[in-house]
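Colleague: All chains should be modelled from the sequences, with the hints used to inform the complete structure.
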Amino acid sequence: MRGRLLVVTAALAAAPCAWLACSDAVRSHVYSGRLYDPTRNCLEDIQSIDVVAGPEPETPCAPVCVVGLPDDSGVSLVYVSTECAPYPIYPYESDAGSDPECAQALLANTYNTSCEDDGAIINLPPDASAEASADAGVDANVDAGNDAAVDTGPDSASE
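In case it helps, numbering that gives the first Met the number 0 puts the sequence shown at residues 0 to 158.
By construction, these hints were calculated from the structure, which means they are not laboratory data.
Using C-beta positions, here's what the derived DEER-type ranges look like:
1) ASP117 - THR81: 23 to 31 angstroms
2) THR58 - THR109: 14 to 22 angstroms
3) ALA24 - PRO69: 33 to 41 angstroms
4) ALA61 - PRO124: 13 to 21 angstroms
5) PRO125 - ALA24: 41 to 49 angstroms
6) PRO59 - SER97: 19 to 27 angstroms
7) ASP126 - ALA52: 40 to 48 angstroms
8) PRO85 - ASP44: 17 to 25 angstroms
9) ILE121 - VAL29: 24 to 32 angstroms
Glycine included, every Cβ here is placed at the ideal spot set by N, Cα and C.
Modeller: Rendered as structure tokens:
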């Protein structure tokens, strides 16, 4: 009987301590984003980047580029996230606009260019060089058509 009384007494004494340790205050959350794949020029699915202090933001913010420090081979992981501050701190640099891969990663985010598990890439952004050459071709055709119209016009036939 004494053993049971001791166990019950210990359980009752521990209950208020356990209740006090619990709190509704959120002290941290997982900061997430999409990893940029520079080889395929697309973004992976959302994944955790770091654990940051404070509650998780309820609304998204403008996309930011989060870059990790280079590893031994000189490669940095580049993420795009739409989570608001607080941002991950060392070894990350948030909104690292000076990193050349950030511009590409943010462009991929604009078009939601996604890397698929099977190797496919969806939502490719328009290729600027293809657009430029297509525009040049249209301009050349228009100019050639105008020249032809001038050469074959009524004034040309009378000469």
